[in-house]
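Enquirer: In case you want the letters, here they are:
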Amino acid sequence: MQTAEQTLDEILTLAAQHFKVPREKLSADADFFQALGIDSLQTLDLLTKLENHFHVELPDYELQGVTDFRTLAGKIQARL
Amino acid sequence: MDQFQGQTLSWEVKNGIIELALHREPNNEISSHTLGELETFTAELKMHEPDARALIIHSTVKSGFSAGADLRELYGWIQEFGQVEVANHAREYLERIHSVMNAIDVSPLTTIAAVHGVTFGGGFELALTCDLMIADRMARFCFPELRLGLIPGYGGIPRLKRDLGNAVVRDLLLTGRSFNATKAQQIGLVSQVVGEGEALRAARATAAQISKFDRTTSAAAKKFIKPIPHEELRREIDIFCELIARPAVQAGLKKFVESTSAQPYLP
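Same order as they appear, the protein sequences are chains A and B. Numbering follows the working numbering, with no gaps: position 79 of the first sequence is 79. Remember, the working numbering sits 80 above the position in the second sequence when you count from 1.
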């Protein structure tokens with residue numbers, strides 16, 4: 001099984017690609033709403049992208065209070 | 081008329097296929113204006129049913145098929161009518177909505193919802209009136225109404241029960257969580273999952289296939305296989321109207337409408 005760091009790295013890459021933001025501007029502890037300039041509907045887009053990529057299902061209520069990529073990666077990792 | 085361009089939607093009839101496009105920016109929220117145009121559409125639909133072969137409903141709005149009911153409008157009613165009178169107003173409105181939804185549900189045409197992105201609440205309920213749902217990989221479905229102290233009121237619960245197992249319906253309804261197209265196909269809600277942006281193309285190909293069959297036979301098969309849950313649809317309206325007068329609903333809608341955060345659509 002892949003490591004949490006690998007998962008985090010893939011999430012940062014996917015997020016950068018999907019929202020057309022330079023990868024180097026995203027950091028693990030950045031607030032992804034601000035870093036990506038997205039709202040809640042776009043966050044759900046990101047969730048869909050991640051679910052499709054990692055072949056997991058992550059209930060969106062698990063995103064309550066989650067604002068940084070590292071914590072998001074932890075949620076995905078827990079479902080792998 | 082073979083085509084119509086409204087403020088919230090448009091349609092055209094081409095080679096026997098009716099295409100209804102939702103286009104109220106930014107999220108196709110279903111307002112009373114949308115309802116008025118849907119009523120115009122369903123009146124026209126009846127005129128075309130003898131000759132048309134299929135109906136496709138889709139959205140041209142980037143964010144998705146539809147984010148559901150216009151909650152700002154709903155909140156406005158509560159403020160305008162007060163908690164008691166709003167139930168009467170809601171009943172009248174829901175009966176009109178149900179009339180539109182039922183007209184699409186019972187149409188003798190084979191109907192296809194081509195969905196992408198956010199397909200929530202009333203938008204999900206509109207898609208559920210169709211015989212087939214084709215979703216692109218980025219489609220996301222949800223009944224978020226419990227978050228607002230309400231239940232789906234546009235016929236969603238009886239139609240979801242018609243299509244899915246009760247345990248799945250309980251999960252979706254009672255958690256209010258959203259789920260993606262892959263899950264939707266796994267549970268039997270969506271018949272095809274296609275690449276991003278490909279839902280309408282796939283729907284057109286499916287409509288072309290459907291069009292090959294004798295219309296009378298297709299209509300008879302559809303009527304046989306697709307029950308309309310009339311009693312439950314009426315009961316859903318009753319329950320919705322009982323709930324809407326509650327302070328919890330006003331509080332939930334107020335929170336959504338006044339939210340300045342980036343997160344109103346998250347649980």
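Don't read these hints as lab results, they were simulated from the structure. Any given hint might turn out to be false.
To be verified - In silico negatives: residues of chain B with every beta carbon more than 10 Å from chain A:
hint, residue
1, G86
2, V93
3, D211
4, I231
5, Q272
6, E311
Stated by the list, open to error - Cβ-Cβ distance ranges computed for the label pairs, FRET-style:
hint, chain 1, residue 1, chain 2, residue 2, range
7, B, F293, A, L80, 41 to 47 Å
8, B, G156, A, S27, 57 to 63 Å
9, B, K334, A, L80, 38 to 44 Å
10, A, T3, B, L226, 48 to 54 Å
11, A, K25, B, A123, 51 to 57 Å
12, B, F161, A, T3, 52 to 58 Å
13, A, Y61, B, G96, 20 to 26 Å
The C-beta atom is built at its ideal place from N, Cα and C for all residues, glycine as well.
Enquirer: All hints are to be evaluated individually against the structure, with a verdict given for each.
Expert: Verification of the hints:
Against chain A, the non-interface label of G86/B holds: every CB pair exceeds 10 Å, the least being about 24 Å. Its beta-carbon lying about 32 Å from the closest one in chain A, V93/B satisfies the requirement of being farther than 10 Å from that chain. Every CB of chain A is more than 10 Å from the CB of D211/B (nearest about 25 Å), matching its label as outside the interface. The claim that I231/B is not at the interface with chain A holds, since no C-beta of that chain comes within 10 Å of its own (minimum 18 Å).
No Cβ of chain A approaches the Cβ of Q272/B within 10 Å, the least distance being about 16 Å, so the stated non-interface status holds. With a closest Cβ-Cβ approach of about 32 Å to chain A, E311/B is found to remain outside the 10 Å limit, as its non-interface label requires. Separation of F293/B from L80/A is about 45 Å and conforms to the stated range, judged on CB atoms against 41 to 47 Å. Take G156/B and S27/A: their Cβ atoms lie about 42 Å apart, and the range 57 to 63 Å is violated.
For the pair K334/B and L80/A, the beta carbons lie near 39 Å from each other, so the given range of 38 to 44 Å is met. Checking the proposed 48 to 54 Å range against T3/A and L226/B shows it is violated: the Cβ atoms sit about 37 Å from each other. Taking 51 to 57 Å as the suggested C-beta distance range, the pair K25/A and A123/B conforms, at roughly 52 Å. A hinted range of 52 to 58 Å holds for the C-beta pair F161/B and T3/A, which are about 57 Å apart.
Range check, Y61/A to G96/B: Cβ separation about 44 Å, and the 20 to 26 Å hint is violated.
The structure is inconsistent with the numbered hints 8, 10, 13, although it conforms to all the rest.
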